[in-house]
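Position chain D against the provided structure of chain Y, taking the given hints into account.
Chain by chain, the residues run as shown.
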Amino acid sequence: MNLQVELLEENSVQYYKVVGEIDAFTAPVLKERLAAVENIQELKAELDLSEVDYMDSTGLGVFVGFYKTVTSNGGHVKITGLNKRLHRLFEITGLSEIIDIEKKESEDNNGTI
Amino acid sequence: MPQEVGRQYKEIMKKYLESHSEEDLYVGQQFSRRFIEKEIAPEDVISIHKTAMIELHPELRNEVWDSFDFLIEMMIHYGLTLREHQSLIRKQEAIQIEMDVATKVQDTILKTKMPIVDGLDVGLVSQPARQMNGDYIYFLNGQNESSVAVADVIGKGIPAALCMSMIKYGMDGLENDNSNPRNVLEIINRIVEKSVDDSMFISMFYGKYDGENATFSYASAGHEPALHFNAKTGTFSELDAKGLLLGVKTDAVYEERSVMMQDGDFIAMMTDGVTETRTEEGFIEMEMIQEILAEVQDEPAQQMADHIYHKLAGLQNYRLSDDFTIVIFKKGTEKV
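As you go down the protein sequences, you meet chains Y and D in turn.
Counting from 1113, one number per residue, gives the positions in the first sequence under the numbering used here.
Counting from 566, one number per residue, gives the positions in the second sequence under the numbering used here.
Do not take every clue at face value.
[Claimed, not checked] Computed list of lysine-lysine pairs in DSSO-like fashion (alpha-carbon distance at most 30 Å, straight line): (1) D:Lys580 with Y:Lys1143; (2) Y:Lys1190 with Y:Lys1143; (3) Y:Lys1156 with D:Lys814.
Just so you know, these hints were derived from the structure itself, not from any lab.
All of these numbers come straight from a predicted model, not from anything done at the bench.
The following block holds chain D by itself, in its conformation from the complex:
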């Protein structure tokens, strides 16, 4: 095959040496792609050139031939660098394939079931900034009640994703009577504290809606406060509860609070990818999030979540700097 390429090279060069035309030069330029395709190293290209010249113009002086040998030597390291580069590309492709598999595994492992509780409308958006999501939503569903964990693993990418499966299995192991927010956080905290690297931990908001009495109880492990919208007064209040990040201290205790939900009320739980949205002018204010949510207060929860995502991601030209997650629990009698 190299001989074939060499023969073609000679023909193309010969034409150009005779015509000096731009067109023939361009044919040569196009032909260089063949060299790249066939992974012919730069030093071999010069070698091919030299062979072609010997055949076309054997009358040339010895200095010319010697200079080609010299040039071949000059090109050897370029050739090595090129091969290294190609091998890196292949490795990168292999890593990308593994990442794709890992993302699929993450999606499968971390699957969660949307709750079905009478009178509770749920919407969510969770959009990773990079390939793997460091935010995590998990629903625990019981008889006429639904709990949600909204977590943000500090640290991103693959380590964060691994950390999440730990949370998931921790929560799957919870018995029903243990599913009060403060208990859940205390238990998960002990699991995380034992098994995670020192500079990796998790913020988590845990909320539980009880359909019997329309009460939402919650606790927070160093997480952004949730927003409660009171439909009657048209005002927001922050649902804030004291508690340390998961994984910092074994014996951390978590405050639990609760709030009653009336028809049309909703609670928005989010990660700092939402509240710390950064635009060219700086960070957005909490009021802006409230305004955006208020605009769509009459829409179903999923539409509300989609709306705020598009608004805030739009401000960043859809190039998120952090994973973006919002879950909305809405109490309503309207369309299901």
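This is chain Y alone, in the form it adopts within the complex:
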């Protein structure tokens, strides 16, 4: 399974569109892409996961690592487009309390493929 990470910069926000499944095999790709910007001071990053159907805890690890580094450099991370299953993952882990997250707008699919 492939994972694509596309970077679009809009109004000084680093906007990433992630497409595919995030698991132990693809997470390193994501980690590497994010590592390129995480040390920028006061980084504004937005990660769009609306095209991510599946993510396991390894993927979650990448986002938390990114969040920790970015916030320690005075930046902000926002994660958008979460499907029901991904949203639950952020809820259960308590991460929804500290990371700025947003659900998918049309939440009618449950992410099971």
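Same frame as chain Y, but now just chain D:
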């Protein structure tokens, strides 16, 4: 020894050149195993062939001999690649041996004692997806009470296993009066936060059963909710408590809740290797886990745990994609 092999090679080839029979050709094919056993490189095989031919058919033209020299040169890199491959295999064998030792060390270090509390029946299954388990169960036993930590280290394999020994020693250091679920999680969180890599952390469910008043108190650090089965009503409820994963934030606070257990009630604590079971048709639903547990509600806790493991692992043809761990605390008066 190479001369011996060379002599045999010559004999076999000679027979074949005379007979042209399939059988003799097959003998040659079998003989190639000897070359491999003796680690004779491809270029040396051609060299042996050339020597044999000189002895058998010295009348052949010079171009033939020159062509063998050319072929020998062609084979040199194949020989090098083969040796590299063999050395990789040896290295891999060495790593495998170390992994086996590490697994044994993990088993020994992380040993935990099953609790013995009157009226509490405990069952558990913890099955790693790969060689080393990233899930961890630890019991803390006191006078007429028993606590259990069910943890899932995010990240798998060796780093996860190392991380676990940290949890274990953290918990061993807890004083009795500190063993309330919220305290435990706060303390472990501080240990983990200080010492773990940024993208590695732990989800943990911590539950404590008090035999005095049959109360189960619990807290969760970003872990899957446990399931509480009420035997009287035959219904399940999720035991959910607010709390962040361990190792993300130093000053995380954990909500503590409690529930009373009646005879026949049980509480199932599990990791996402159970709840995120994925089959060809997709993920299983929580209801399915409840149904499977309800089927065996009258069995002892260990049988219940085994049953759900076989059901769910069976769906994945016993090829687990994630470590699978379930602990069942059952309050009962039935058979011990």
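Evaluation of the provided hints:
1. D:Lys580 with Y:Lys1143: violated (63 Å)
2. Y:Lys1190 with Y:Lys1143: The hint holds at about 16 Å.
3. Y:Lys1156 with D:Lys814: holds (20 Å)
When each numbered hint is compared with the structure, a violation occurs for hint 1 only.
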